[in-house]
Amino acid sequence: MTTLAKPDMTVNLAGIPLRNPVMTASGTFGYGEEFAEYVDLESIGAFVTKGLSLKARAGNPTPRIVETPGGMLNAIGLQNVGIDAFISKKVPFLRSVNTPAIANFFGNTIDEYAEMASRLDEIPEVAALEINISCPNVKHGGIVFGTDPDSAASVVTACRAATKKPLIVKLSPNVTDVVVMAKACETAGADALSLINTLTGMAIDLNRRKPVLANVTGGFSGPAIKPIALRMVWQVAKAVKLPIIGIGGIMNATDALEFMLAGATAIQVGTASFINPGAAQKIAEDMEAWLAANGVADVKSLIGALET
Amino acid sequence: MTTLAKPDMTVNLAGIPLRNPVMTASGTFGYGEEFAEYVDLESIGAFVTKGLSLKARAGNPTPRIVETPGGMLNAIGLQNVGIDAFISKKVPFLRSVNTPAIANFFGNTIDEYAEMASRLDEIPEVAALEINISCPNVKHGGIVFGTDPDSAASVVTACRAATKKPLIVKLSPNVTDVVVMAKACETAGADALSLINTLTGMAIDLNRRKPVLANVTGGFSGPAIKPIALRMVWQVAKAVKLPIIGIGGIMNATDALEFMLAGATAIQVGTASFINPGAAQKIAEDMEAWLAANGVADVKSLIGALET
Amino acid sequence: MQFTSLILSNVEVSPGYWRMRMTAPPECASAHPGQFIMVRVNGAIDPLLRRPFGIFDLGTYTPAQSGGVSQPYLEMLYRVVGKGTAMLSTLHENDLLDLLAPLGKGFELRTADEEKLIVGGGVGLAPLYLLAKELVKNSKVRLFAGGRTRDDILCITEFERLGVECYTATEDGSLGECGLVTEALLRRLDQLQGKAAIYACGPHGMLNAVANIAATRNIPCQVSLEGYMACGVGACLGCVAPGHSHSSETPDFRCVCTEGPVFESGELKWRD
Amino acid sequence: MQFTSLILSNVEVSPGYWRMRMTAPPECASAHPGQFIMVRVNGAIDPLLRRPFGIFDLGTYTPAQSGGVSQPYLEMLYRVVGKGTAMLSTLHENDLLDLLAPLGKGFELRTADEEKLIVGGGVGLAPLYLLAKELVKNSKVRLFAGGRTRDDILCITEFERLGVECYTATEDGSLGECGLVTEALLRRLDQLQGKAAIYACGPHGMLNAVANIAATRNIPCQVSLEGYMACGVGACLGCVAPGHSHSSETPDFRCVCTEGPVFESGELKWRD
Ligand SMILES: Cc1cc2nc3c(=O)[nH]c(=O)nc-3n(C[C@H](O)[C@H](O)[C@H](O)COP(=O)(O)OP(=O)(O)OC[C@H]3O[C@@H](n4cnc5c(N)ncnc54)[C@H](O)[C@@H]3O)c2cc1C
Ligand SMILES: Cc1cc2nc3c(=O)[nH]c(=O)nc-3n(C[C@H](O)[C@H](O)[C@H](O)COP(=O)(O)OP(=O)(O)OC[C@H]3O[C@@H](n4cnc5c(N)ncnc54)[C@H](O)[C@@H]3O)c2cc1C
Ligand SMILES: Cc1cc2nc3c(=O)[nH]c(=O)nc-3n(C[C@H](O)[C@H](O)[C@H](O)COP(=O)(O)O)c2cc1C
Ligand SMILES: Cc1cc2nc3c(=O)[nH]c(=O)nc-3n(C[C@H](O)[C@H](O)[C@H](O)COP(=O)(O)O)c2cc1C
Ligand code: FES
Ligand code: FES
Numbered sequence: 294m295t296t297l298a299k300p301d302m303t304v305n306l307a308g309i310p311l312r313n314p315v316m317t318a319s320g321t322f323g324y325g326e327e328f329a330e331y332v333d334l335e336s337i338g339a340f341v342t343k344g345l346s347l348k349a350r351a352g353n354p355t356p357r358i359v360e361t362p363g364g365m366l367n368a369i370g371l372q373n374v375g376i377d378a379f380i381s382k383k384v385p386f387l388r389s390v391n392t393p394a395i396a397n398f399f400g401n402t403i404d405e406y407a408e409m410a411s412r413l414d415e416i417p418e419v420a421a422l423e424i425n426i427s428c429p430n431v432k433h434g435g436i437v438f439g440t441d442p443d444s445a446a447s448v449v450t451a452c453r454a455a456t457k458k459p460l461i462v463k464l465s466p467n468v469t470d471v472v473v474m475a476k477a478c479e480t481a482g483a484d485a486l487s488l489i490n491t492l493t494g495m496a497i498d499l500n501r502r503k504p505v506l507a508n509v510t511g512g513f514s515g516p517a518i519k520p521i522a523l524r525m526v527w528q529v530a531k532a533v534k535l536p537i538i539g540i541g542g543i544m545n546a547t548d549a550l551e552f553m554l555a556g557a558t559a560i561q562v563g564t565a566s567f568i569n570p571g572a573a574q575k576i577a578e579d580m581e582a583w584l585a586a587n588g589v590a591d592v593k594s595l596i597g598a599l600e601t
Numbered sequence: 294m295t296t297l298a299k300p301d302m303t304v305n306l307a308g309i310p311l312r313n314p315v316m317t318a319s320g321t322f323g324y325g326e327e328f329a330e331y332v333d334l335e336s337i338g339a340f341v342t343k344g345l346s347l348k349a350r351a352g353n354p355t356p357r358i359v360e361t362p363g364g365m366l367n368a369i370g371l372q373n374v375g376i377d378a379f380i381s382k383k384v385p386f387l388r389s390v391n392t393p394a395i396a397n398f399f400g401n402t403i404d405e406y407a408e409m410a411s412r413l414d415e416i417p418e419v420a421a422l423e424i425n426i427s428c429p430n431v432k433h434g435g436i437v438f439g440t441d442p443d444s445a446a447s448v449v450t451a452c453r454a455a456t457k458k459p460l461i462v463k464l465s466p467n468v469t470d471v472v473v474m475a476k477a478c479e480t481a482g483a484d485a486l487s488l489i490n491t492l493t494g495m496a497i498d499l500n501r502r503k504p505v506l507a508n509v510t511g512g513f514s515g516p517a518i519k520p521i522a523l524r525m526v527w528q529v530a531k532a533v534k535l536p537i538i539g540i541g542g543i544m545n546a547t548d549a550l551e552f553m554l555a556g557a558t559a560i561q562v563g564t565a566s567f568i569n570p571g572a573a574q575k576i577a578e579d580m581e582a583w584l585a586a587n588g589v590a591d592v593k594s595l596i597g598a599l600e601t
Numbered sequence: 015m016q017f018t019s020l021i022l023s024n025v026e027v028s029p030g031y032w033r034m035r036m037t038a039p040p041e042c043a044s045a046h047p048g049q050f051i052m053v054r055v056n057g058a059i060d061p062l063l064r065r066p067f068g069i070f071d072l073g074t075y076t077p078a079q080s081g082g083v084s085q086p087y088l089e090m091l092y093r094v095v096g097k098g099t100a101m102l103s104t105l106h107e108n109d110l111l112d113l114l115a116p117l118g119k120g121f122e123l124r125t126a127d128e129e130k131l132i133v134g135g136g137v138g139l140a141p142l143y144l145l146a147k148e149l150v151k152n153s154k155v156r157l158f159a160g161g162r163t164r165d166d167i168l169c170i171t172e173f174e175r176l177g178v179e180c181y182t183a184t185e186d187g188s189l190g191e192c193g194l195v196t197e198a199l200l201r202r203l204d205q206l207q208g209k210a211a212i213y214a215c216g217p218h219g220m221l222n223a224v225a226n227i228a229a230t231r232n233i234p235c236q237v238s239l240e241g242y243m244a245c246g247v248g249a250c251l252g253c254v255a256p257g258h259s260h261s262s263e264t265p266d267f268r269c270v271c272t273e274g275p276v277f278e279s280g281e282l283k284w285r286d
Numbered sequence: 015m016q017f018t019s020l021i022l023s024n025v026e027v028s029p030g031y032w033r034m035r036m037t038a039p040p041e042c043a044s045a046h047p048g049q050f051i052m053v054r055v056n057g058a059i060d061p062l063l064r065r066p067f068g069i070f071d072l073g074t075y076t077p078a079q080s081g082g083v084s085q086p087y088l089e090m091l092y093r094v095v096g097k098g099t100a101m102l103s104t105l106h107e108n109d110l111l112d113l114l115a116p117l118g119k120g121f122e123l124r125t126a127d128e129e130k131l132i133v134g135g136g137v138g139l140a141p142l143y144l145l146a147k148e149l150v151k152n153s154k155v156r157l158f159a160g161g162r163t164r165d166d167i168l169c170i171t172e173f174e175r176l177g178v179e180c181y182t183a184t185e186d187g188s189l190g191e192c193g194l195v196t197e198a199l200l201r202r203l204d205q206l207q208g209k210a211a212i213y214a215c216g217p218h219g220m221l222n223a224v225a226n227i228a229a230t231r232n233i234p235c236q237v238s239l240e241g242y243m244a245c246g247v248g249a250c251l252g253c254v255a256p257g258h259s260h261s262s263e264t265p266d267f268r269c270v271c272t273e274g275p276v277f278e279s280g281e282l283k284w285r286d
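Protein chains in written order, with the working numbering: chain A, 294 to 601; chain B, 294 to 601; chain C, 15 to 286; chain D, 15 to 286.
Keep in mind that a hint or two might mislead.
Keeping only pairs whose Cα atoms sit at most 35 Å apart, straight-line, the calculated DSBU-like set for lysine-lysine is [said to hold, decoys possible]:
1) B:Lys476 to B:Lys531
2) B:Lys382 to D:Lys97
3) D:Lys283 to B:Lys348
4) C:Lys283 to A:Lys503
5) C:Lys151 to B:Lys531
6) A:Lys531 to A:Lys299
7) B:Lys534 to A:Lys575
FYI, nobody ran anything at the bench for these hints, they're computed from the structure.
Could you put together the complete structure from these sequences and hints?
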């Protein structure tokens with residue numbers, strides 16, 4: 294047997310060099326600090342903050358969480374500390390960690406998105422911006438930005454003008470054709486796409502005859518959604534030139550590598566961090582071990598390498 | 294303790310009286326016969342045939358099936374015996390069973406849909422028609438009828454003109470707004486809506502670097518999809534006047550009753566019949582037992598009774 | 015911290031209530047009463063999420079093999095209510111469990127000069143035993159244990175062995191007084207001369223009643239909350255509870271898994 | 015039929031290969047060699063689908079309790095390859111399993127005047143033992159067993175005990191001949207004087223080679239196929255295999271679970 298050479302795990306995500314393709318997903322890894330006890334933050338490629346908004350948001354009433362077969366629903370309601378408290382309370386920690394931090398953010402109007410982008414642009418500790426477009430447009434009857442290509446493009450155009458940092462657009466899976474959305478964001482100036490955000494789902498408590506979540510519906514995540522996420526990543530990767538971050542039900546290194554074969558340059562670990570707070574690090578380590586064991590010298594050689 | 298009165302389990306589905314709300318889902322119960330050993334066909338409300346087309350279809354190459362976390366993907370490719378063999382070989386069996394048989398069908402063009410509807414209209418043993426609109430329109434670049442409200446409405450209008458039997462339209466979940474689709478079908482003359490059909494998903498075999506399914510993508514079903522199905526049934530039930538048949542990941546009586554609370558008049562058992570061929574009968578029995586134990590005299594009182 | 019624990023025993027102590035003892039690393043031996051653990055029921059995806067449980071007891075045992083060096087263990091007392099707890103109840107000695115522990119903020123033990131009144135409803139007693147064990151070192155401790163039936167009154171003997179004076183009440187009168195445990199608490203408070211402090215864990219309605227009693231009489235009161243949890247480490251924000259000044263206009267949510275599960279009752283929002 | 019079966023034993027017979035004996039209702043006692051069962055690994059949703067396995071053996075045992083009345087059992091021989099089989103291997107005596115059995119169409123036993131040549135690759139031997147048990151009643155039977163290493167050659171002693179003459183071949187030469195089992199089969203066919211019939215089960219490549227040999231020499235041949243199955247009862251159409259005249263223009267699919275799993279090799283499509 295030949296000795297196993299250490300594989301090259303680095304990838305380049307829209308200009309940001311990552312030590313490996315494993316990122317953590319927004320809303321599932323706090324602001325990084327929360328996991329410092331369980332994950333060596335310098336063992337993963339990058340981490341993404343909880344979604345930020347201009348003002349602090351308190352979020353929805355409880356229950357906010359419910360388990361479903363192979364997955365979970367959440368209706369946190371985008372609770373976050375707001376951009377000011379983020380800068381004063383969370384950024385100092387980011388400075389102490391030698392791993393790119395990506396700020397996920399949202400707004401209720403296009404102007405709010407643009408303002409958030411320009412505020413985040415000023416923070417040196419923020420390596421890139423991830424736009425969550427799965428939010429209702431309060432000015433247009435609450436239609437979700439991320440389900441309409443024109444709205445999505447307007448958000449991206451406005452943010453593009455407001456920042457020079459790499460701009461990742463996070464796509465919603467609750468659409469008829471995710472490729473249309475992806476292309477609209479590419480044309481509007483996105484540097485990368487991440488997908489998928491949560492699907493919309495619902496759970497009912499039969500005995501109480503009520504929805505389980507106080508918000509009635511919630512975002513569906515976890516292993517159950519993986520087949521949908523994998524399909525969408527594959528569709529989008531074939532259709533756009535941008536690097537893609539695969540997200541959705543990734544629980545282990547096999548899942549992560551499957552997303553790379555489908556066309557992802559990097560992946561994000563979401564719900565898995567709730568079940569195993571050390572998941573992201575473990576996935577990065579196991580990916581490397583798989584590459585070594587299978588004689589794959591460079592993880593980049595797997596990107597889009599699916600044979601169809 | 295009072296003695297448990299036998300609850301009224303009957304429902305009326307667009308003019309068809311059902312002994313109980315439990316139906317079997319198309320493609321998961323063969324043509325009825327296959328399950329005669331495991332299910333007393335007269336213990337359930339109705340059963341739905343495998344999707345039928347004008348000509349016999351051989352379906353896709355294999356593998357056609359793969360298990361995913363909490364669900365499965367199938368890419369059968371609508372294999373079926375065709376309308377002529379259905380009439381000669383399958384209908385005689387339907388005649389022997391005192392339970393409404395519903396014919397699920399599809400076409401590649403609007404004309405084919407209409408022709409199927411008129412052929413099925415002539416078969417006395419067919420109690421109602423269920424249109425599967427999750428098929429690509431070969432005349433229009435393969436856009437799936439069920440993802441475009443105008444195409445869907447055209448199909449329904451054409452079928453409506455071709456049959457006097459109750460017309461159920463089976464909605465695809467792979468859309469941005471299922472309510473738009475539901476309303477389009479209602480306006481075009483549907484008598485009932487069934488939802489959801491399968492979501493589109495994909496699975497990858499890491500070691501072979503290939504999709505697991507020969508067809509690359511497949512239809513995603515099973516318990517994993519229940520939160521999405523429940524949400525869509527609830528959304529549609531609020532928006533239309535038509536009776537609704539809830540489908541998606543129903544494994545037991547609790548699931549079935551949850552769909553009724555969300556607004557379904559009846560439900561269909563799909564993937565569950567693969568795991569437990571007696572599932573449909575068991576669900577009907579357990580629903581009745583639940584009603585009796587909870588002092589609910591009439592199952593109809595649960596339809597849409599969710600308190601939000 | 016995250017660790018793999020070996021089950022030492024798992025026994026049904028009352029119909030539907032189980033007590034499980036499992037090995038713990040030395041870092042857990044100093045867990046505070048009121049802290050909790052998150053249990054991964056099994057390695058598969060069903061159930062997917064960890065389940066939170068209080069720490070019922072801590073101690074050490076001497077394994078047969080390891081040459082007589084004593085090892086820490088922790089215990090939980092749990093009620094079978096759904097899928098996860100049903101699966102837990104099927105586990106045996108020598109099975110392994112993946113745990114996060116100790117998590118959250120426990121009870122404040124306070125000063126010795128107060129009478130400590132512990133109020134537990136059903137399985138809410140679980141985290142109160144370890145608390146009582148600490149409190150009896152310095153203070154007079156009384157337990158008010160309530161439940162629906164006698165089967166829901168747990169481990170009273172254990173509390174008595176600590177020297178805790180126990181009052182029990184059941185809704186059906188099958189054990190102790192018939193009625194709510196808060197009535198016994200109120201009677202005791204009426205008699206009380208010196209200072210007192212309340213510690214409570216149980217159904218939300220009971221905690222609400224206790225919090226109102228404490229507020230009216232101006233007695234310090236800590237409550238341990240439950241909340242649907244995904245992560246247990248402050249990341250998902252699923253477990254929050256409305257804080258004292260919460261309203262839909264000026265929301266004020268507290269994170270149960272990191273700021274709690276134990277709160278001063280005055281910090282939280284209650285119904286009158 | 016669907017029934018709940020009690021596991022009587024579950025033992026590892028070779029590294030990674032297990033043999034499980036379980037109770038069966040009287041209706042199963044008459045299952046045909048080559049028929050199969052669908053096993054629900056557990057009642058949860060992971061794994062969701064049943065797993066198909068051949069019937070390795072049938073018999074009766076006398077339970078200690080039931081007053082000496084003998085009861086039927088069935089056995090399966092399985093290889094641990096993934097999640098479901100890994101879970102099966104952790105089950106114990108007295109655990110319960112939900113089964114559908116017997117399913118599908120088994121082997122045709124044919125007439126006595128032929129020499130029966132059984133070809134099995136790895137765990138493909140599983141359904142061939144019960145077949146051999148029937149065939150030895152009337153015919154001369156030879157077994158050609160192939161595998162990657164000696165660990166993949168299973169239960170040869172059992173076949174020998176039936177009076178079957180056994181030839182083995184392994185790819186690494188660790189047992190029997192070094193090479194493919196089809197070579198031994200070919201040699202036997204060259205020597206053969208009278209009539210013969212082939213029965214085969216194993217990896218698809220091996221079946222293909224055997225089918226081609228049988229076609230060239232015009233020897234009747236039955237093969238038992240595997241196919242990804244959801245239902246096992248002909249409803250999902252997931253398990254199909256291309257029939258003899260299959261092409262993408264004139265498709266001809268056979269349902270493995272109801273028309274098979276055993277087919278005349280001439281009914282199916284093979285690569286030359
Ligand atoms: C901090 C804390 C400490 C707890 N301590 C104990 C204890 O010591 N002993 C004990 O028996 N129980 C305790 N509980 C409640 C216990 O977590 C639930 O009974 C258990 O999670 C139910 O799981 P299940 O799978 O059996 O039920 P299911 O109903 O199947 O669970 C479904 C989901 O709901 C959640 N859930 C259900 N009931 C509760 C609940 N009451 N509180 C929070 N989440 C719930 C589960 O965690 C799971 O995510 C505690 C809860 C919390 C938050
Ligand atoms: C008619 C028939 C008879 C069989 N008899 C035997 C037997 O006697 N002994 C034995 O060891 N194996 C037998 N197999 C193969 C056995 O079914 C698979 O090895 C088993 O299903 C793998 O399950 P898993 O969960 O361990 O693997 P996983 O890879 O986790 O399974 C994932 C999915 O793929 C399916 N699958 C995986 N491998 C196969 C395969 N080779 N054939 C069909 N489906 C597969 C599983 O059923 C499951 O749906 C038979 C298969 C068929 C179709
Ligand atoms: C509790 C929770 C909170 C989330 N919050 C955000 C958020 O603030 N912004 C965002 O873009 N995505 C958010 N997400 C979506 C995740 O980042 C991720 O896209 C999704 O959960 C799918 O991945 P998974 O299946 O690995 O969890 C959240 C998900 C969960 C479960
Ligand atoms: C193997 C398979 C074949 C199917 N074939 C059809 C079909 O022919 N026509 C149709 O309308 N739906 C078909 N469906 C979809 C089901 O009827 C049902 O809508 C879907 O599986 C969701 O329900 P479930 O989660 O209970 O399985 C098929 C589903 C499966 C799993
Ligand atoms: S359980 Fe996740 S934040 Fe408390
Ligand atoms: S396994 Fe379903 S048809 Fe054969």
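(message) Lys531 (chain A) and Lys299 (chain A) were given as a pair; does the straight-line alpha-carbon distance stay at or below 35 Å?
(response) Holds. Lys531 (chain A) to Lys299 (chain A) sits at ~30 Å (cutoff 35 Å).
(request) Compare the distance between the alpha carbons of Lys382 (chain B) and Lys97 (chain D) with 35 Å, and conclude whether the hinted pair is satisfied. (result) It is violated: about 40 Å lies between the C-alpha atoms, which goes past 35 Å.
(request) Decide if the proposed pair is consistent with the structure: Lys151 (chain C) and Lys531 (chain B), CA atoms, cutoff 35 Å inclusive. (result) violated, 61 Å
(request) Below or equal to 35 Å on CA atoms is what counts here, so check Lys534 (chain B) against Lys575 (chain A). (result) Given pair Lys534 (chain B), Lys575 (chain A) is violated - Cα atoms ~51 Å apart, limit 35 Å.
(message) Does Lys503 (chain A) sit within 35 Å of Lys283 (chain C), going by the straight-line distance between their CA atoms?
(response) holds, 23 Å
(message) Run the distance test for Lys283 (chain D) versus Lys348 (chain B): straight-line Cα separation, threshold 35 Å.
(response) holds, 23 Å
(request) Verify the proposed pairing of Lys476 (chain B) with Lys531 (chain B), using a straight-line Cα cut of 35 Å. (result) Distance ~11 Å between Lys476 (chain B) and Lys531 (chain B) Cα, so the pair holds.
Figure legend: structure checked against the earlier numbered hints; hints not met, in rising order: 2, 5 and 7.
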